[in-house]
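Participant: Chain by chain, the residues:
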Amino acid sequence: MQARHPYKASQNFSTGKNSTAILAPSHKNPAVMLRRLIILLLPALGFLVSCQKETQVERANREGIFLTGNSAEPKSLDLQQVTGVPEGKIITSLFEGLVADDPENDDGTPPGAATSWEHNDDLTEWTFHLQPEGRWSDGVPVTADDFVFAYNRLLHPDFAGPYAEMLYFLKNAEEFNKGKITDFSQVGVKAIDDHTLFVKLREPVPFLPSLTRHYTWFPVPKHVILKFGKMQDRFTDWSVLPNMVGNGPFKLKTWRFHDVIEVERNTYYWDAKNVGLNGIRFFPIENPFTETRAFLSGQLHNIYTLPSDLIPAAKKEYPQYLHQEPYVGTVFVRLNTTRKGLDNEKVRNALSLALDRESICKYIMEGYTPTTSFVPKMGAYEPEPVLSFNPEKARALLAEAGYPDGKGFPRFSVLISKPDAKASIEAMQAMWRKHLNILVDIQIKDWGSFVTAQQNLDFDIAVGGWIGDYLDPTTFLNLWTKGNGNNNTGWSDPAYEALLSEAALTADAAKRLEILKRAELMVMKAQPIIPVSWYSRNYLLRPEVKGWHPLLLDNHPWKSIRLEK
Amino acid sequence: MSAVTAEKNNSLWSDARHRLMRNRAALISLIVLTVIIFCCLVLPLLGFLHDPNAQALPDKNLAPSGAHWFGTDNLGRDIFARVVYGGRISIAVGLITTLVSVTIGVCYGAISGYVSGRTDAIMMRIVDILYALPFLIIVILLGKTIEPATAKLTDTVVGWFTSADASVESINATRAWIEPITTLVPLFVAIGALSWLTVSRIVRAQVQGVAKQEFVEAARSLGLGNFRILFRHILPNTLGPIIVYTTLTIPSVMLFEATLSFLGMGVKPPYASWGNLINEGANLMLSNIWLLFFPTLLFSATLFALNFLGDGLRDALDPRSAKD
Chain A
13 MQARHPYKAS QNFSTGKNST AILAPSHKNP AVMLRRLIIL LLPALGFLVS
63 CQKETQVERA NREGIFLTGN SAEPKSLDLQ QVTGVPEGKI ITSLFEGLVA
113 DDPENDDGTP PGAATSWEHN DDLTEWTFHL QPEGRWSDGV PVTADDFVFA
163 YNRLLHPDFA GPYAEMLYFL KNAEEFNKGK ITDFSQVGVK AIDDHTLFVK
213 LREPVPFLPS LTRHYTWFPV PKHVILKFGK MQDRFTDWSV LPNMVGNGPF
263 KLKTWRFHDV IEVERNTYYW DAKNVGLNGI RFFPIENPFT ETRAFLSGQL
313 HNIYTLPSDL IPAAKKEYPQ YLHQEPYVGT VFVRLNTTRK GLDNEKVRNA
363 LSLALDRESI CKYIMEGYTP TTSFVPKMGA YEPEPVLSFN PEKARALLAE
413 AGYPDGKGFP RFSVLISKPD AKASIEAMQA MWRKHLNILV DIQIKDWGSF
463 VTAQQNLDFD IAVGGWIGDY LDPTTFLNLW TKGNGNNNTG WSDPAYEALL
513 SEAALTADAA KRLEILKRAE LMVMKAQPII PVSWYSRNYL LRPEVKGWHP
563 LLLDNHPWKS IRLEK
Chain B
58 MSAVTAEKNN SLWSDARHRL MRNRAALISL IVLTVIIFCC LVLPLLGFLH
108 DPNAQALPDK NLAPSGAHWF GTDNLGRDIF ARVVYGGRIS IAVGLITTLV
158 SVTIGVCYGA ISGYVSGRTD AIMMRIVDIL YALPFLIIVI LLGKTIEPAT
208 AKLTDTVVGW FTSADASVES INATRAWIEP ITTLVPLFVA IGALSWLTVS
258 RIVRAQVQGV AKQEFVEAAR SLGLGNFRIL FRHILPNTLG PIIVYTTLTI
308 PSVMLFEATL SFLGMGVKPP YASWGNLINE GANLMLSNIW LLFFPTLLFS
358 ATLFALNFLG DGLRDALDPR SAKD
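Protein chains in written order, with our numbering: chain A, 13 to 577; chain B, 58 to 381.
Any given hint might turn out to be false.
Claimed, not checked - Calculated pairs, SDA-like style, for lysine to any residue (alpha carbon to alpha carbon, straight line, at most 25 Å):
1) Lys457(A) - Leu187(B)
2) Lys209(B) - Lys192(A)
3) Lys325(B) - Ala172(A)
4) Lys192(A) - Leu511(A)
5) Lys419(A) - Phe137(B)
6) Lys328(A) - Lys325(B)
7) Lys446(A) - Ile194(B)
8) Lys209(B) - Arg351(A)
To be verified - Here chain A is said to cover these stretches of chain B; the calculated rule only asks that three of the stretch's residues, wherever they fall, bring their Cβ under 8 Å from a Cβ of chain A:
9) 277-283
10) 323-333
Keep in mind the hints are simulated off the structure, nothing from the lab.
Where is the CB? At the ideal position from N, CA and C, for every residue including glycine.
Input sequences plus hints: build the corresponding full structure.
Facilitator: In structure tokens, the structure reads:
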């Protein structure tokens, strides 16, 4: 899913709070100055007060409510219209897929909306048996038809679901999504009866149970959606209060825009007795530095991203809160290969070779690993190490491409969307200048226009991050296929897609990974993206939170979390 | 006759200077301001400063020392050099914008207040209309519009300072100190040209009051032209509010530059201005307090000095203020 960390929109408080005062310099007077001074001093004052009073976290501990820094206001809570991590965190509290997340093990597949499942020998046909007691939060039973409806909706060409590719594992799903066939009954999903769901896949997918934990595979309440519009209508009122209905451990309670989203216990949930929290509050604090300050002043139980710049200080002063764990994700730079200059493979490779990833990771992206390829090592898959730091070769390639010594190279802008990404980009900017004599600008945009600019290919260079949705290299490699909603580089290669299809049809696991490795090499040769580092997770968590274990995919099931009083 | 000329035959200016010199806060402020501005303008020319954009990653987040007077930032850049170069930009932007906006505002307001009647009404309705426009949006549109022109300006200015056969590397080095100025100054001249509304209102009200006094009648009966009456006899009597307004505008423009930087319109990274140095320092204060401390110190010192100086100037220049 689209990584919000560390490159994400932020509306820093300096624009938010001061904007009215700053809008027109001609309105300035001493009273405004004084007010600004008071605003600046308020946090300090608040800290003094909080020393004497119970903090928000302490009160929440008493009430059994988890306070989480969710880093952004969700675009929507319609789970089929979003692609981001912050949305995912809320959605997994409100909905549940066929298989639930395991609190301690990324590969664990505890029962979710389905109690059990079986598959045929070549892993292409699966049957899921749903919970007999499974109910939506309005008491209506969850049926297999809700799943079929959900997949039909997400795949419908008119609905234009941005994450429909996740369902392409279903037989004929891609054809239906691209309008090549119009009859949904040909797609490999069927409700055998109210509580039996049959799934036929395009290829053998051994990791299907873990795939169904992703929110694109979740059911949606057919009876509610149809009340507010047709199946393929986008952005209807079904997913806002008071209409929102889910099948997860929690249900939506309040939603105050850019303030807080609160969920409370769903009494109809089949496993309600094992839900440890009475509620969760999601705070959309966009600036990670502000979020960190909120955590340290006792306003949050956790934040998902500690800015790299603050890690050394946190190590020294707050070791009890700091967690550092591996994470399956890559930080990279997208190049718009339709721009003149960047359309040249040699230029793209030169830009990549001029980056000293070791230094970036050592001094700026603390704890991150320098990339040697794109896909992080996962399970048996380990990509060929092909990326290196070689300024001489970079200069030679740039000269070959027609820009000897950087002469005449176009001035490009690097798009970023979050202040904590600035340091690493400034380092890269300096490296390109030092080794290639290339000047680039840095441009900050808010998350919305940042994403839109990339989707419209209206950018030169943009920072990106990708977090694996399941533990298989295809969650990364599928990005660079033509028409993928998250490709946004203008690059595609039929030979690359042929390799991916070949891998999909290869039953032998080892041989399949070999083919995927070859596919990855093709991307690395063309370099429509420049991988920079492999994620590590640095986050802050209060010690009273129990049931939170290190997980590669970071999908901590909300129902297992408990607060120690 | 105004009080000043009636009592002693001193000129407005010598009298004002006399009073300003006796105002200790204003005098100290004047000295502080002069030192800060002098440092920002002259130190970079002496060549002993570190390159403000040169990174030395292993030396990041150093505390102040002999090599780095203000320490280094999160990319190992010298904070002292960045504060000095950033001050250049902030001060240039503050002074230029204020100069433009006060000049336009004073002329417009003075004419409007002096001619009065229908012309005055029309001129003030124009101000009303301009007030209603969303300032930030106009500035953003403006910035986008003049971007190609400033890019060309940058190339031209860089051309003056480099020879035709210079290496790309040396051109880039020259560009690094020219570019932030040539891209920002035109934008802020334009901003100044948009933000004269309040000052024109103030001046108009003052001029209306002064224009009814006897000494203006006297000047008119001597046969002086309107221009001379307005700019020699009326305007000096309105200087107090104008100067106060001016000293308050300069820091607010510097703050506005920080806002614009955040929106991607002001100083672009890696270049520094006080505004974006403080913004960055606030984010990183947990790991490096010096990054917040020094830019804030200088910015606040400038802000306070301007306020005290403005206060002192107002007292000094007010022709009606009590004589002691």
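Participant: Find the hints from earlier in the document that the structure breaks and name them by number, from lowest to highest.
Facilitator: 1, 2, 3, 5, 6, 7 and 9
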